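As a plain string of letters, each chain reads:
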Amino acid sequence: MDSSRLWLLRPFGERSTLIFLGVLLAAMTLVTLLHVAVPPGHPLYVSAYTVNLSGKYLSYALLAVAVDLVWGYLGILSLGHGAFFALGGYAMGMYLMRQIGDRGVYGHPELPDFMVFLNWDSLPWYWYGFDMAWFAFLMVLLVPGALALVFGFLAFRSRVTGVYLSIITQALTFALMLAFFRNEMGFGGNNGLTDFREILGFNLRSSETRLGLFLATGVALALGYVLCRAIVTSKLGRVCVATRDAEARTRFLGYRVERFQLFVFTVSAMLAGLAGALYVPQVGIINPSEFSPLFSIEIVLWVALGGRATLYGAVIGAILVNYAKTVFTGAMPDAWLFALGGLFVLVTVFLPKGVAGLLALRLRRRRDGDGSFSGKEASA
Amino acid sequence: MLCGQCRLHMTFTTSPSLRGRKEVRLNASRRIMSFPLRSTTLALMAAVSLGSASQALAQEDPIKVGILHSLSGTMAISESTLKDTVEMLIAQQNEQGGLLGRQLEAVVVDPASNWPLFAERARELLEQHQVDVVFGNWTSVSRKAVLPVFEELNGLLFYPVQYEGEESSENVFYTGAAPNQQAIPAVDYLINEMGIERFALLGTDYVYPRTTNRILEAYLKEEHGVADDDIMINYTPFGHSDWQNIVAEVRRFGSEGKPTAVVSTINGDANVPFYRELGNQGVDAGDIPVIAFSVGEQELTGVDTAPLVGHLAAWNYFMSVDTDANYDFIDAWIEWTGDEEAVTNDPMEAHYIGFNMWAEAVRKAGTTDPDAIKDAIIGVVVPNLSGSYAAMMPNHHITKPVLIGEIQDNGQFDIVWQTPSTVAGDAWSDYLPGSRDLMADWQAPMRCGNFNVATGRCGGSTAAEEAEAALAE
Amino acid sequence: MRYPPMLGPATAGARAGTDAAEDERTSQSRGSWLLVLALSLLLMLGLSMTTPAAAQDAAPADDVAAMTLLEALDVDSFPAKGRAIEAIVHSDDPRARDWLQALLDGRLQRAGDGRFVVVLDNTGRDWPVQDALSGEPLGQMSRRELDRIGINNALRNQLRSAIAVVDLYAADVGLRRASAERLLGEVDGDLAGPLVEVIEEEPDARVRERLVQALAIYRLEQGELEAIDDLQGSLHPRVRVALNRAANGDDPIVADAAREALNGIEQMLKLNRAAETLYFGLSLGSVLVLAAIGLAITFGVMGVINMAHGELIMLGAYTTWAMQQLLPGQPGVALILAIPAGFLVAALAGIAIERGVIQFLKGRPLETLLATFGISLILQQLVRTGISPLNRTVITPEWMSGSIAVNDALSLTLNRMYVLGFALVVFAVLMLIMRRTRLGLEVRAVTQNRAMARSMGIRATRVDIMTFALGSGVAGLAGVALSQLTNVGPNLGQNYIIDSFMVVVFGGVGNLWGTLVAGLSLGVINQVLEPWAGAVMAKIIVLVFIILFIQKRPRGLFPQKGRAAEG
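Residue numbers (my numbering), protein chains in the order written: chain D, 1 to 380; chain Z, 1 to 473; chain C, 1 to 567.
In isolation and in its complexed conformation, chain D is listed as follows (with noise of 0.2 Å):
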């Protein structure tokens, strides 16, 4: 019990982290008071647009440090990390859902609006339960969780590595996509679930809530990133820097891989699964495009750009980018796949270790210091 406390508080040891916690606190403690404090109007009011943004990137950097997790200590390239995603994405909906109640435009008091108009006469099973907050907040890391634990146990318990990985975490991704779009599957196929109302009784609406949920969201990211660090700095962490640098040697060692990577992987997905869960009621739809294998991809960017293997960097990269897609696509969306392209292909050709790459190099020219990044890094 000491020792876990201790395993959990390591983290608040390091400069790195409460710098970290630092930035993330102060940004949060200004964009509140900029949105409560300051008048509209004034030149540094802070809209309650920009106050949803920022909650909807918040919850990407957390997406963001749950697959730097992987990608980074683990060397897992996981190219499905969306499901995960989407997953609790999902299962918040689902309890979104229920909260409409009666209200729907059918008034049906227990089937979703698309049920009832795709002729459900009730509800399929899994939707059970959904309707209990608690319930559909455990389901939020559960569902994740246990995917990538059956997932995982099958994969690694065989072996299957890097290239092959990566591959079938896209199949994963993508067959669930297919999936997802069945109206059969009773999630709303294509249009998936919407016209949310109110989240424990909170109007949805309201601007109030909507801080409150980029609040929730900030802390959620900072709670996730500690679990991380603690992770990683832990014995278990330097096990898995070891299994990605070399697993062979590792496994020659004495070290059950598999089971070491399965617990990250798993925890990686739940957090994954939480990300979700706090971005679906801040954009206000959960549809099956969540799940495409481009938008794994794209995740895997934010973290290659901010810097792999240092958590902060996977959440500069998120913000960055999505800031970025935000002002080009309404500036010139001509552009801007020509821009993410050359994004692409400049980080990892110039910028392999990203922007906290760049950040280190100045840190260490100033003071020879560790780098969190440092030693050979394997192909994986």
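Derived from the structure by calculation, the hints contain no laboratory data.
Errors might be hidden in some of the hints.
[Claimed, not checked] Each pair of labels, with its calculated beta carbon distance range: (1) 208(D) x 229(Z): 49 to 59 Å; (2) 128(D) x 445(Z): 38 to 48 Å; (3) 436(C) x 256(Z): 49 to 59 Å; (4) 193(Z) x 208(D): 25 to 35 Å; (5) 201(C) x 221(Z): 47 to 57 Å; (6) 39(D) x 453(Z): 39 to 49 Å; (7) 436(C) x 358(D): 42 to 52 Å; (8) 456(C) x 19(D): 30 to 40 Å.
Since the structure is predicted, the reported quantities are computational estimates derived from the model, not experimental observations.
From the three backbone atoms N, C-alpha and C, an ideal C-beta is built for every residue, glycine too.
Dock chains Z and C against the given chain D, drawing on the hints supplied.
Same frame as chain D, now just chains Z and C:
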């Protein structure tokens, strides 16, 4: 008895709903002031939106028209031309001196075929850019995604694409066809004019084909006594490209002696390989005609139309419509795009009608205030491009003629049949058990998008919420 | 047959125009009433040979009658149009067949001044037309001035049947075959009599067999038991319909016989259906193989995960389109030329990608994935902004359209047959290159042990470039083939990239045989599953199957052996 109930209910709901709108308006004014740098003008604009419209001040600012169509991503194929259409209509309106003495200004954003981004962009248009009206969306899912945003911020959306119905929002005007304006007349044509007895309903697996096919299935069974065996339903994923098995199945289905037709709600890219496979397996329009609801001139530009000749499509407009208004529109469009081969299609006409209706309503109301427009636009009648008139109905759908066209080898449609008069759009289908009793009427005093005539209650969410709020006070 | 056979002069005119010798043979041997026709035919021949101007001078009265015939077509009601068509069929006018054909093609139109014209080309805003009566070219007319005589599918069927009866007497065997095919199930009392004679005179066995069946269906409808003998074993759906009807008929003897005949047919149909599914599967599989085999080379041999592979396929498809634009009116030649051109374009693009990006990422396979994904986005957007976001029209040449009928129940679509053959040829050539050429030897050496190969004097960099060019070029070939099956648009590549990866991984990286077997078997599995699981479920099942299979055999069907396999 029933009517008394509903009147009672109406008086009960209208006042809180009015109060609700006032709250929305107050919210809007607060948001307006959030926009930096131009606070004085904005404060005045807030005053305008609060009801004390001032003509003199209003003249200084252009009327902002938001355009919410994907310019990148998969939907750019269909949607980018609609953006150009609205821009052309705005330019034409400005040439005629704008509206209310003010110029119009287009505000274009790109939701990039990404549904959550649609909601975000809609919010940007309404909150940051303060647009007066939005023309946009193509897919059902994108409309569903922006719907809560438009209702929350009290914006106006003109939606130009044929859709599955089962919706009537106070803030949305549906200028595309509802199922009763496309699907039902189309099967009537198949039965009455072509003597079809068996139907293969093929569709892409999403909500529009699902709902349309459900309506058609119920309609065929109830109204025409078609047996279960004579209806085949099949769904395929988006962009499906391997049609061998399905076409072979349709061929077998159609070779059992009864005249057979395919009713296709296959979407977009999947159509080319589908028609190719049909042609190659030797199914031609004479044997098994295909009537499509999602294949128009735009879609045919990417297709070798030779094997498709004689297959059908049901729309409310075809580029081949033989009226001067249409030829003028086509000429203007060709000039605007600078492309001699540019085609026009049904959703473009829907935007043409929607834009003119909105302009007419602005003239009638003397303001661009959304609530005033909502009241003014019901009953507005404007000419469409096919020689008849489109009227905005109280359920926010419009009247449209239904045309059936046969594909020609030049990628155009030859109109073979049309409804004798226009058909009013039905928000709630009569052939679905859940929606049979519902009706929409956004006129005072009802103001309800889903009034249940059986229970005499407005099942709508806002009404229930507002009623609760009223009780709490 | 609802319409009496049109044995009018128009028939004769058409035939006389095509082959006078055959014409003589048939007209003499047919019955005496045909002789009369032959005479009128000759008369018509003379008429149609004269210049249009002379015809006009000679027969103004004819034109008045013709005008009345055509006037009757210009009405709103389709039943009335049907009667007008019938009147034209029965008229002795030599131009009748041309009118009917123009009407069928939607080219018979009425100009603003009331003249009937035939539109020669209906693209653009002004169309060239010719006078329907005199055949004189009238220059261009605006489409605003022209009113089309619309027809619907019922009339189209009526026209086709009318023309089919005419074509029964045509000199061209192909026309007669098509006509006989058309008449199956459409024979009625009026046609049955003449048909007996036509069958006797018919030189072509296939036409004869069809006509016998067509007649037998009519006889069966009249309750003739012997007719069933003629229908025995036929797999044609219309025969089955007729037998089915007879099996449910009043006459117990006929019904029993029909039922028995049907049982035999059903057995045959089951076999045919299995063969058809296999063909569908192989065809889908060949597409997968084509799309994946280039990837198998770059991925398997070089360890490069090329996410831009799909866009290289797209480039091949756009090359086909571009070739067809360069050679208008020659879609077939353009398609054949597109094979080397598509290869070159994609190979050059491949070299550019290799030199520009991939060479900097040696030994970091997962990062090549990200970089090439970026390239794929850029290429897609280039096509969107450079060419058009809309799909492009790629025309299928005549010799690739339609299908080969193995029997009445099984016909194999030609375009897919060509693609299947093409895939096998590409595969064979690649195998030859890998096994029999210097390049192949070097590639294999570099794959197995790069350092050792270099120390033996192999220029590994050059081998990399060549391999990548080869893999990319093959992707271009896949694009050329796919342009005949699906959309040519900016999203083409995206639709195939995931499938391609699945095929390569399933087959075993670095093994071309593995790719072939994997592609074909996944195609067949998919098509076997599709009828009962549905298209989406079939795909999901296949994906889950691959995921599970990889757990069982982490390196695919045919794993690479040796040190190189440990990545």
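Identify every previously stated hint that the structure contradicts and give their numbers, smallest first.
4, 8
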